Structures are given as C-alpha cells and as structure tokens.
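**Q** Respectively, the protein sequence lines represent chains H and P.
Position 188 (the first sequence) corresponds to 435 in this note's numbering; numbering is contiguous.
Position 297 (the second sequence) corresponds to 369 in this note's numbering; numbering is contiguous.
By construction, these hints were calculated from the structure, which means they are not laboratory data.
No experiment lies behind these values; they were computed from the predicted model shown.
The beta carbon of each residue, even a glycine, is placed where N, CA and C say it ideally should be.
Possibly wrong hints are sitting among the right ones.
[What the hints assert, rightly or not] Chain H is faced by these chain P residues, among others (derived, beta-carbon under 7 angstroms):
#, residue
1, 235
2, 239
3, 241
4, 249
5, 250
6, 284
7, 285
8, 288
9, 289
10, 298
11, 302
12, 303
13, 304
14, 305
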Amino acid sequence: MSGEGFALELRGITKRFGATAALNDASLAVRSGSLHMLLGENGAGKTTFLNIATGNLQPDTGAILLNGQPVVWRHRADALAAGLSAVYQHFSLVPAMTVAENVALAGPRLGAKYNRREAEDTVRRIANNAGLDLDPAAMVGDLSVAAQQRAEIVKAIARNAPVLMLDEPTAVLSPPDAAQLLRWLRGFVSSGRTVVVITHRIREAMGYGDEVTVLRRGQTALSAPISSTSEQEVVAAILGATDTRPLAFARQHSTAVRQTLRTSVLALHAASVIDAGGARRLRTTSLEVRGGEVVGVAGVEGAGQYQLLRLLAGRISPTSGRVTLPPSVGFVPEDRHRDALIADFSLVENMALRGIEARRGVMPWAHVALQVQSAITAFDVRGGDVRSTASALSGGNQQKFVLARELADAPQALVVENPTRGLDVRASQEILTRVRDSAAAGSAVVMYSSDINELLATADRVVVCFAGEVYETTLDSDAIGRAMVGVR
Amino acid sequence: MSLLRRLSAGVAPAFVVLAAIAVVALVMMVTGFDPVAAAQAAVRGAVGSEFALFSATLKRTTPLLMLGLAVAVAFRAGVLNIGADGQFLAGAAAACAFGLAVGDAAGRSVLLGALAVGILAGALWAGVAAWLKRRFNVMEVVSTLLLNFVALNLVGFLVRGPLQEPTGAYPASATLLSAARLPLLLDGQRLHVGFVFSVGLAIATWWFFRSTAAGFQIRVTGASRTVAASAGRLDVDGVQMWSLVASGAIAGLAGACEVTGVTYALYEGLSPGYGYTAIATALLGGLNPLGIIMSAALFGALGAGADAMQRDAGVPAEFATVVTALVVLGVLAVPGVMKNWARITGRGEQ
Chain H
248 MSGEGFALEL
258 RGITKRFGAT
268 AALNDASLAV
278 RSGSLHMLLG
288 ENGAGKTTFL
298 NIATGNLQPD
308 TGAILLNGQP
318 VVWRHRADAL
328 AAGLSAVYQH
338 FSLVPAMTVA
348 ENVALAGPRL
358 GAKYNRREAE
368 DTVRRIANNA
378 GLDLDPAAMV
388 GDLSVAAQQR
398 AEIVKAIARN
408 APVLMLDEPT
418 AVLSPPDAAQ
428 LLRWLRGFVS
438 SGRTVVVITH
448 RIREAMGYGD
458 EVTVLRRGQT
468 ALSAPISSTS
478 EQEVVAAILG
488 ATDTRPLAFA
498 RQHSTAVRQT
508 LRTSVLALHA
518 ASVIDAGGAR
528 RLRTTSLEVR
538 GGEVVGVAGV
548 EGAGQYQLLR
558 LLAGRISPTS
568 GRVTLPPSVG
578 FVPEDRHRDA
588 LIADFSLVEN
598 MALRGIEARR
608 GVMPWAHVAL
618 QVQSAITAFD
628 VRGGDVRSTA
638 SALSGGNQQK
648 FVLARELADA
658 PQALVVENPT
668 RGLDVRASQE
678 ILTRVRDSAA
688 AGSAVVMYSS
698 DINELLATAD
708 RVVVCFAGEV
718 YETTLDSDAI
728 GRAMVGVR
Chain P
73 MSLLRRLSAG
83 VAPAFVVLAA
93 IAVVALVMMV
103 TGFDPVAAAQ
113 AAVRGAVGSE
123 FALFSATLKR
133 TTPLLMLGLA
143 VAVAFRAGVL
153 NIGADGQFLA
163 GAAAACAFGL
173 AVGDAAGRSV
183 LLGALAVGIL
193 AGALWAGVAA
203 WLKRRFNVME
213 VVSTLLLNFV
223 ALNLVGFLVR
233 GPLQEPTGAY
243 PASATLLSAA
253 RLPLLLDGQR
263 LHVGFVFSVG
273 LAIATWWFFR
283 STAAGFQIRV
293 TGASRTVAAS
303 AGRLDVDGVQ
313 MWSLVASGAI
323 AGLAGACEVT
333 GVTYALYEGL
343 SPGYGYTAIA
353 TALLGGLNPL
363 GIIMSAALFG
373 ALGAGADAMQ
383 RDAGVPAEFA
393 TVVTALVVLG
403 VLAVPGVMKN
413 WARITGRGEQ
C-alpha cells in the first residue's frame with residue numbers, strides 16, 4: 248500500500264475465443280507495492296487475464312499499462328524483459344533437469360557459465376526465506392505436484408522481477424505451507440515489489456491481500472481494498488446476485504443409511520509400501536473403511552497419503568501385508584491431466600478408460616456414448632457433448648466428468664484425492680456433495696484433501712498421515728493440523 | 073479447431089512433401105543437375121507406364137505399406153520400433169530357409185508355411201527387444217536399431233554358409249521353387265498377391281484400432297502411460313511388450329512376402345532400407361493405417377522414380393533419400409508449428 252501509482256493496469260480488456268468471450272471489457276488495477284488478490288469462479292477469465300498481462304495472449308481490445316505507460320507485448324519474453332514474472336497453473340519446468348538448473352535456465356544470466364554451487368545456493372536461500380521446502384539438486388521429474396509448484400514459485404522469484412503474478416500458487420500446497428508462502432509474499436511486497444495472486448480461497452485473499460478484484464463471467468464484478476470490503480461482499484461478487492448460498496458445505500448425514508451399512512468394504516491389513524527407490528513411504532498400516540462412511544485423509548506433501556490412497560484404490564500393491572478390495576473401486580486421482588484424462592481423446596474414449604484392463608473383443612462405443620450422455624446429464628457437465636475432446640471442458644467440468652465416470656457403475660468403494668483442486672466454490676460444493684451422496688448410497692469413501700475445512704465438512708472420521716504413519720484423530724481442525732506436523 | 077485438425081491431417085503432409093521436393097530441386101540446380109529432366113524421368117519411372125506403375129511403384133509399395141503398419145502399431149503404443157528392417161530380414165530369412173527346406177514336397181502349403189514362419193521369426197526378433205525392455209528396461213530405440221545390424225550380418229552368414237546356392241559362387245541362397253512363390257497379380261507384371269495382403273492388412277489394422285478393445289488399450293497406453301495405469305488399471309509394460317512383438321510379426325510377414333513374391337531368393341541387399349523408409353511412411357500417414365496406404369504409395373513411387381532418374385537422367389538416386397529425410401523432419405515439425413500458430417492467433421485452447 249506504500250506506492251501511489253499503479254504498477255500494472257489492464258483497461259477494458261476483451262478477448263474472444265471463437266463465439267465465447269472469455270473477457271468482456273474487464274479491468275484490473277494493481278497498486279505498486281501491494282499484494283493484489285484476483286478471485287473468480289472457474290471460467291470467469293482469471294487465467295486469460297494473466298495470459299494477456301504476460302504476453303501469452305493478445306487482447307482483442309483494451310490496453311495494458313505498466314507504471315502508467317501503455318505497453319504492447321508481442322511475446323511473453325517482452326513482458327518478462329519489462330519486469331513481469333509469472334507462475335502459471337501448468338508448469339513450465341524441464342523434467343530432466345534439477346530444480347537449480349531450471350531456476351538458472353529462467354534467470355537473466357543465460358549464456359554465462361553455469362555454476363552449480365551458486366545456483367543451488369540461490370535456490371536454497373530463496374526457498375528458505377519463502378518457506379518453500381525444496382531440494383535444489385532434485386530432478387524436477389521426480390518431484391510431486393506440490394514440490395513442482397514450489398519450484399515454479401522459486402523460479403519466478405529468482406527472476407527478481409518487480410511484478411510477480413501467481414496463478415493458484417496455494418492450490419496444491421498444504422495449509423501451513425500456503426500460509427507461510429502468503430506471509431512471505433506480504434514481506435516481499437513491503438520491500439516495494441508488486442504481487443498479484445489468483446486464488447479460489449477467499450480466506451487467503453481476505454487474510455493476506457491489500458486489494459481484491461473479482462471477475463465474474465469475464466467482467467470485473469468488484470474491485471476494492473480488502474479493508475473496506477467484507478467476505479460476504481466478495482462471495483456475492485464471485486457468485487453473482489442470483490446465488491448467495493452459504494459457503495460452508497452443508498453436511499447432510501443420512502444416519503439411517505449409515506447405521507444399516509456397517510460392514511467393512513475396504514481394508515488394509517498391516518500393509519506397508521517401499522517405493523522403487525527403496526524409500527519406505529508407508530509404514531505398517533491397518534485401516535478399515537465401512538460402507539456408508541467417508542474417511543478423510545490429511546497430511547502434508549509426501550507424508551504417505553499418496554501411497555495410502557493408491558493402495559486403497561488397487562493402483563499399487565503393498566510391499567508387505569494385505570489389502571482387501573471390493574470388486575469395483577472408483578478412483579479420482581489428484582492430477583487430472585497426468586492420471587485421469589487424455590486431453591485430445593473424445594469424452595467417449597475417456598469414459599471407456601474405466602475398466603479398460605478388463606475389456607476384450609469389440610469396443611461397445613455406442614453403449615459408452617450413452618454412458619457419456621447420462622453422465623453429462625446426471626452430473627451437469629457443461630461445455631461438451633459426446634463428440635467433444637476432454638480438453639474442450641473447463642477444469643471443473645473435467646473433474647465432474649471424471650467423478651461421473653468413476654461412479655457410473657455404482658462402485659462399492661470410492662477413493663478421491665484432492666477432488667476440488669483448482670475448482671471454484673460452486674464446483675467444489677457440487678463435487679463434495681457427490682462424494683457424500685456416494686457414501687449415503689452405501690459406498691465406502693476415502694477422501695484426501697489438503698484443505699482441512701473441506702475434510703471437516705465432508706468426512707465422518709479423519710486419519711492423518713505423518714512421515715509414513717497413519718493416525719486417526721478427532722474431527723477437529725487443531726488436532727488435525729497438529730497431527731499433520733507430527734504433534735499429537 | 074476441428075477444421076485446423078483436418079488441415080493438419082490432410083493438407084500439411086502434402087505440403088511437407090512438396091516442400092521437400094522443392095528443396096531437393098534447388099539443391100539439384102545448385103549442384104549442376106537438371107531438376108526438370110530429373111522430374112520427368114522420375115514421373116515416367118513411377119507412373120509413366122503400366123510397367124512403371126505395377127512392376128516398380130506398387131511392387132515397392134507392398135513392403136513399405138506392411139512395414140509402415142508394423143511401425144505404426146508400435147508407435148501407437150508409445151514404443152519406438154526402429155528395427156523394422158531387422159525384423160523384415162529375419163522374416164525373409166526364415167521364410168526362405170523354410171521354403172528351400174520343404175521344396176515342393178508339400179505342394180502349395182509350403183507357401184503358407186513360409187509366410188507363417190516369417191511372421192514368427194519377425195515376432196521373435198522384435199521379441200528379443202521387447203523382453204530386454206521388460207526385463208532390464210533397455211531402451212527399445214537402441215535395442216531394435218542394433219538388432220538390425222545383427223539381422224543383416226546373420227543374413228550375410230546364411231547366404232555364405234548354410235543357405236548358399238549350390239555352386240557357391242554368389243552370396244545368395246538358391247531360388248525358391250514355384251510352389252513356394254506368391255502368385256503374380258497381372259500377366260507380365262511383377263506385382264504379386266502380397267500387395268492385396270498389405271492393403272487388406274491396412275484396413276484390418278484401421279478397424280483394429282478403431283473398434284477393438286486391444287486396439288484401444290494400445291492407443292491409450294501410447295497416449296499416456298500414467299492415465300492407462302491410473303484411470304484404467306492397464307499393465308502398460310505388458311501392452312507395450314506385446315505391441316512390439318506384434319509390430320515385429322507384421323514386419324516379418326513383409327519380409328516373407330518380399331522373398332516369396334519378388335526376389336525368390338535371400339541375399340544381403342534384400343532391403344534397401346525399407347525398414348527406415350517405413351518410419352517416414354508411418355509418420356507421414358499420421359500413424360493412421362488408411363493414411364499409411366497413401367504414404368506407402370508415395371514412397372513407393374518416389375523409390376521407383378529415383379531409380380528411373382538415375383538410369384535415364386543421370387541424377388543420383390540419393391536425392392530421393394534426401395526427400396524422404398526432409399519429409400520426416402517436416403512431418404515431425406508440423407504439430408509444433410501448428411500449435412504455435414494456434415497459440416499466436418488465439419485459436420487454441422484457453
């Protein structure tokens with residue numbers, strides 16, 4: 248809030264993709280030295296805005312001003328050279344290089360001799376200051392999604408740009424990590440830099456931001472200092488006047504159903520997992536999930552929940568011990584693009600992925616097309632029909648489609664991993680409602696979420712992974728938060 | 073977007089081929105050859121007469137089509153089979169050995185036996201690489217490529233040793249008896265029944281990928297191993313292993329057809345790099361079996377034209393090899409170019 252002028256302004260931006268306007272006369276004004284929060288539903292135009300600000304896309308109409316001067320970006324490099332650094336949702340890292348090499352690659356001194364020690368020290372220093380746990384010598388391809396996100400952030404910071412834009416930086420971070428990053432960004436702006444953070448998490452925006460801009464259907468719905476607005480006002484701006492449903496997920500336990508279904512459906516019996524690199528990811532663990540209940544799973548990155556969920560989904564086998572699986576388990580992995588959907592395959596082909604290992608003979612494409620049709624109807628998947636490719640759908644609709652696919656044959660168990668990652672409030676609620684409905688219908692449900700409030704709102708009981716061990720805790724955010732960092 | 077895709081599927085390959093020919097024509101001019109005379113000779117040699125069409129172009133199209141399909145089956149599964157040439161030679165050697173051993177004692181069934189043995193030998197040859205990949209994680213690009221040289225030397229040994237013709241004067245096998253030969257399609261032309269097999273195989277492969285569960289499993293594995301193993305529970309290593317074996321089987325059939333349909337004998341120069349041209353064929357055809365019919369015919373014509381160009385216009389046939397190489401580079405660059413173009417014009421995905 249120190250600076251008087253605007254570091255970055257987007258004025259009257261319109262951008263069309265074919266018939267649809269992603270942005271329609273939208274504006275954004277970011278004060279120098281402020282932490283600016285950009286909110287909006289999926290498809291509201293936030294990412295398009297970022298892409299226009301950083302030269303990835305050209306606006307149809309409108310102007311970009313940097314420190315009050317009109318600028319035209321022909322290419323992303325123009326914006327970078329002018330001091331605009333960005334972290335995109337889809338990472339731009341070289342998997343076969345180390346974190347330090349990736350950071351050096353993006354740095355200004357390309358062409359100079361690469362000094363490994365210096366590069367690694369730089370990464371370590373930035374990572375420590377920003378509270379981002381990162382091994383500079385690790386190969387990027389071996390990192391988890393969250394660690395790759397941290398590497399992207401460090402890379403952007405290392406450019407030392409006066410304006411930093413981050414698209415959903417906290418979506419895959421654990422709550423303590425997200426809080427530390429935001430705290431660090433506060434310090435970063437107090438040194439005169441300017442930061443724009445795109446987020447879905449209203450609490451983050453209200454808690455850490457200086458100013459907020461809300462986009463709704465391609466237009467600026469609200470632009471105000473955080474101090475002079477309220478959570479209700481922001482929510483109303485995000486959802487629009489017609490929809491003022493309460494944000495908190497309404498917990499509707501159908502106790503009648505759950506009392507009748509108490510049989511164990513999914514179970515681990517003293518199962519442990521040692522990965523290909525010889526690291527013990529999951530220590531001897533026993534867990535029972537009964538039909539009709541939702542077991543929440545919490546844990547910071549790499550605490551063993553990845554392996555726990557894949558054991559329960561039948562995607563990996565235990566190194567020792569046993570797993571009891573029902574005939575059919577639905578599985579919604581966290582990374583849609585890597586694990587759940589093939590972007591340039593049709594929805595029909597993507598639907599047929601479930602159970603593909605058991606298919607023989609001729610593919611029943613006509614039948615699968617009908618399944619797609621009913622999934623689209625039942626789960627209100629918008630933006631595509633049976634002929635569309637998966638890439639035609641927005642993130643939220645892709646996730647609804649994946650969930651619909653996994654629930655199409657009414658599986659006895661459902662395993663979901665951060666199912667609302669990158670989704671807006673409305674889509675998140677829909678997904679969580681579906682997850683609960685599935686339990687209410689008798690499925691044994693296991694859900695991992697990096698958002699404790701989401702777990703509290705959805706789960707009947709919660710287990711926490713810490714350093715490969717699994718504990719059950721009480722349904723209490725303090726207890727869960729402490730267990731996640733190993734304090735019991 | 074769909075229009076763009078159709079453009080890149082249909083027009084772009086044609087454009088790439090024309091551009092490659094234009095570049096080579098320029099090089100001819102610079103190096104003192106007459107591109108017009110060369111082109112005239114090439115066109116005459118490829119499609120200028122019935123003989124050119126059937127006995128040169130389509131005769132060459134047959135192995136290219138089968139090998140292109142073999143390459144496509146592996147590539148579709150995400151397995152880079154660079155060894156179609158070696159699998160072709162293995163199939164040819166086995167078919168020839170079988171045909172010579174049985175002679176005409178068993179009547180026409182010797183031909184079927186020879187083709188079956190050729191398929192088996194190609195599958196086994198690729199199977200070595202498939203097993204190495206599965207068991208020891210050996211990259212198939214390296215193993216299949218190196219096995220080409222093993223196959224070539226094996227053929228060299230056979231035609232100087234166990235399979236050498238009775239006089240011992242030439243490094244070649246004895247000639248197959250007519251019982252072991254594929255029937256010719258037309259009187260006075262070299263085109264044989266194998267051409268019909270190859271087109272039939274292309275249509276069958278197209279149907280296989282479009283309609284069968286196994287074809288779908290291969291496509292999914294090639295598109296994304298992680299999705300195949302996570303959204304489905306496919307054994308992706310198994311799918312890739314069997315795809316490579318199937319690829320080798322098709323290449324082996326191609327070799328068997330060549331030896332029983334064209335040369336009637338085994339010798340070292342049996343394949344003028346068919347297995348490598350097949351990679352260009354498969355890529356230019358977009359890994360789509362129906363597209364590969366077109367690209368195989370094109371490369372068949374290019375090969376026939378190159379021979380005529382050298383014979384009639386005195387222009388080295390190597391210029392045609394350069395066209396092939398440029399086509400591969402061009403085809404590989406097209407998706408990137410299209411994507412950039414889509415991004416710049418804002419017609420890509422958001």
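**Q** Name the hints, by number, that the structure is in violation of.
**A** 1, 2, 3, 4, 5
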